[in-house]
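Enquirer: So the sequences go chain by chain: A and B. Using our numbering, read the first sequence as starting at 1364 and increasing by one per residue. Using our numbering, read the second sequence as starting at 868 and increasing by one per residue.
To be clear, the hints were calculated from the coordinates, so they are not data collected in a lab. None of the values given here were measured: they were computed from a predicted structure. Hints may contain errors.
As the list claims (entries may be wrong) - Pair ranges (Cβ atoms, derived): (1) B/962 with A/1448: 20 to 28 Å; (2) B/1145 with A/1397: 21 to 29 Å; (3) A/1397 with B/900: 47 to 55 Å; (4) B/1109 with A/1448: 42 to 50 Å; (5) A/1372 with B/902: 48 to 56 Å; (6) B/982 with A/1411: 34 to 42 Å; (7) A/1377 with B/900: 41 to 49 Å; (8) B/1017 with A/1462: 33 to 41 Å; (9) B/1017 with A/1372: 48 to 56 Å.
To be verified - Here are a few chain A residues that sit away from chain B, every Cβ distance over 12 Å (derived from the structure): (10) 1369; (11) 1377; (12) 1386; (13) 1397; (14) 1398; (15) 1408; (16) 1426; (17) 1433; (18) 1452.
Glycine included, each C-beta is placed from N, C-alpha and C at the ideal position.
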Amino acid sequence: MKTHQPEPRTLRVTDLPEMTAANATDVRDAVRKVITPDCRTLQLDLSQTSFLDSSGLGALVGLHKTMRLQEGILQILHPTPAVMQLLELTRLHRLLEIVGT
Amino acid sequence: MPATAAMPPSESAPVAPASPVRLAAWRVDAECAYAPVRDATRSARAFMEAQGLSRAETAAWELALVEAANNAVQHATGPGRRQPVRFEVLCDERGVEVRLTDHTPGFDWPDDPSLPEPESESGRGLFLIRALVDATEYLRGPGANVLVLRRMRELSEAGERGGMRDDPQELAQRLAECEAALTNMTSELASSYESLTALFRYSAELGAGGDLKDFAGRLVSDLLLVAGADHAVVRLFHPEPPRLELFLTAPPGDRFADDVLLSHEHGCTECQALATRQDIWFKPVGGDGEGGRSCGGASGSGLTGICHPFFADGKPVGTVSLVREGSDQSFTAAQISLLHTFVDFLGIQITNARLLEARTQARLVERELEIAAEIQRALLPASLPSCPPFELAASAEAARQVGGDFYDARPAGPGGLFVVIADVMGKGVPAAFFASMLRNAVRCLQPLYAHPGRLLTKLNRGLFEDLSRVDMFATVQVAYLDAVSAAVVTASAGHSPPLLCTAEGRMERVDAAGLPLGIEPGTIYEETRMPLAPGSWALLYTDGLTEARAPDGALFGEARLTAWLNRREGLRASATARRDDLLRTLAGYRKGTPAADDETFILVCHRP
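So here's chain B without its partners, still in its complex pose:
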């Protein structure tokens, strides 16, 4: 266990006052137990004293290091207990930085550790560390975490340091160790710099758009370089059914993903990382004994891998796995933090791309609704026919999500009027499309206008196959109004019954059973004949009308509709005036509550 102090050669001679910043580095691995780490903290203090730190400074450092090292020992679990606690001290004229690597599961370092209750017998460690140094940083990695402590030095005449010991051999060895420590630290710094530069470059690319996969490919290739890895595999999570799919590899087309990571032994490493939300270290299967599973000429042993899962808004996005060949050296904490930074960035990009896609999808849906609305508008007659003595007025208000309501009115022989109102179950383009088909089919059955029952029977038989194939059905109400016999003949396919009102204000509800179209192919629809004397009114409507809601959720209902129709003052008004009055009544009832379903109705008056 080397515990050595060393300084660059410039210090072996009496110090020149204007010499540049002098760095001294020291490193020791201590067994993960209280006594060995305590020894290491004493050595660290001795090293700092040798660098000329004051007694107060070294005392503060000693205590901070003891607290930090005790935590590393106390919280180590399982195999972490067999790994050493590493102390690295970097000291120059301005300050001291200590890096303490632990092998605990890690914990969330509080922003501002506070003191416990005065009578508490524990819980002062983090507070002490924070109070004794200027800055703390806790870098968490899988299996290893690094606590970085920094403290400025007191101002003093630099240079009056503890002298060097004389043994040249010892000096050379110390020098070599010092240089190795410095090289490590420098490469870590350099890679941080590279990652920063890369991230700036990616940020600049962001505005340019481009393909997500290309972008991700470049990002992961750069990650390979800065993290010192040979293979990278990115998989994305798809929730339905839950699975991880290969997104890309670096280098591109790397067979490594199929050959090793997905092999039986390691197929679940990535799933496990995603499920536990933790990085997982793994040893990929090498060439030996695996029948040619070697990867890119690797010796077969000496493969090290890490799998890092990533998330957006707490939801899994995917995994990135890095594999290093020909080395048992695990990734350093700095390389792991690079992996995390790059992957965080990638995660943001993927999330953005997905949001963009969802937005495009939403626009498509919106466009589809517009098309459906167009179709539906085209369904409705531009103007109602004039067929005295009948007077007609109609309204169709589409709900936000367009449905398949329509109505039609056609003259039918002398003194006759044919009226149809229908509601196709379903929303959007298919429903509107089908309504259009239904309307044309009805128009083709003109010879049957005076026989509503037969018309529906034939209509159902003709459309049944098409309707049932797409799991749709339609409710239809047809009425034939005959001025000569002063009667109305109706037939219903599961539709809301028409309401009739005589000139004297007597109400009739034309109940007629009948399955909706598209349920049974052989349904026979029956007709109901009712008198319709001059001065009478008929109202045909879809259930959107009775299902209009007040702000408190209460339905408009048939009772209110009947009461409105029966209003004495309305009986002599024109059909158009009554239609507008019904629309006002509905609006007054809804008070702004949006319609959930289409609201369609036709009012017919038999003028005396």
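If we strip away everything but chain A, and leave its shape as in the complex, we get:
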């Protein structure tokens, strides 16, 4: 997992591993730790995330709520077709902002 700031008040997280019951809460908590209070946009780059289960989805929803609490937004960047399908199947594409499918 790597992070950088493509622009001020935006945090982009890349190289995320697969997120399942085994590690989803760890990944979520690790991302929460690097979110600064002034951050308004959290971008999760899922292009390298080949697999996500319902616990992984839960982590995404958790981070979405974290950002909303500090009046920011969560963006999902470049999800793989499999992950995109999963987001649509669970209707989370309506809740989460998805960029670059």
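Using the hints provided, position chain B relative to the given structure of chain A.
Expert: Relative to the frame of chain A, chain B by itself:
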């Protein structure tokens, strides 16, 4: 932890297009933790890819399996955590079936799992499984449950599969494992077939009637065969006092029930199963160290048992315990589901038999009531005697549950009339029987008709022993009407007081204290003498009359009865006409409310 892929030999050569259905099976046990089950799902996906499933198909399977396996890990408790999560994959050209065995307490699989609120961080697992496969089935057993997932394959040119690896030794091993997996699955299928056949046969026997125990015996013997068990013990629950009683064993007369299941250590296994409403696995006590408690030559170790409680309408019916000898192998999920199916069937039979018995019992009670009604009808005089100047009319209406009311009227010397009315406390045959005895005893006391007090005193003394022995008592009112002296002499044994009404419409209530018959052996009954001038009326009745109820529950009461008796227009009517008028008045008051007690009365008019 073997994770192997294997295919029947026909696939080692280039595939002939018209070859029959090709089956491939794969099985792996994964440690009950997230990382190992995740590895197992990857292996399962690889196996499916090797069978030629498309990328989309294997992706869907992988996700469904991850969700299912995570549940198995997440919900495992206690010793279940030390048991592996088993993956079995069965794949042919048309579809894939996966069986996932978990060791959780299990849960009710929802018919149609739905999505949670969008912002919920959990609760999407079951929805995903259901969305990703075509069919799901969750078989619950004690200590182990099996989730069966099925999904049809996409249509594609079958045969273009991933190639076999070359190592012949590895191939042989894979083949052996594949065959073992297939054998297991086939025997499970076969036993399901056997159970179905058996159940059809039992259904056919149902109409034939026959003995429940014989039927249950055959059913349980068949269960032994199909579930691979050596002993079966069926006990039935009896609520008063709560206990489990041996119903039957298979084989019949098996000493196993007494020797092992009821031994101190395991006597409560069955009670516990019934109380917790859950199957209980147990290790019956074997021969070693138990002083000859071995069963049927078993080695002493290697006994496995399961106790299954069964219920009807939520109420406990009994338990069925199966024991397997010489094997530490626990019963499989399929064998447990057989046990459940057979026992459900047995439970229905037992419930039916009990209902039948209850119905027979109800018929007996009904018959008893009919007999009691017969006795009571026979008690009442077919016709009242004609004793001028007295005119008589009487009525007796029995409540649904026959009681012991009766009345009698006898001529007593010149110008004399003796009247008795009685209510024996109690219902049914005993009360009617006793009323009959009482009536005959009164008739035998004819010399005392003119002395009601002495008559009751003697009657009580004579009947006391019989009455008190059966905890019964009777209220009795007797009256001697004398035309010569124009008077009525009454005595009462705890009965409703008679009402008198003169030709001028003046009312008298003849109050007289006196215990009912059968309370005290030495009671002396006193007499009350009242004038009864020509034109006067006397009404003797049982309390069923004043206790007649209106639809709102209000009692008819003595005030209404007095008011009716006192009605001026009635005073000159015939006794029969007045009786019919009283019956109409009562019916008008009740408006169809059924009588709770017998309603009996006698009207006597001293004609001028």
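Enquirer: For which of the previously enumerated hints does the structure constitute a violation, in increasing order of number?
Expert: The structure breaks hints 2, 3, 4, 5, 6, 7, 12, 16, 18; every other hint is satisfied.
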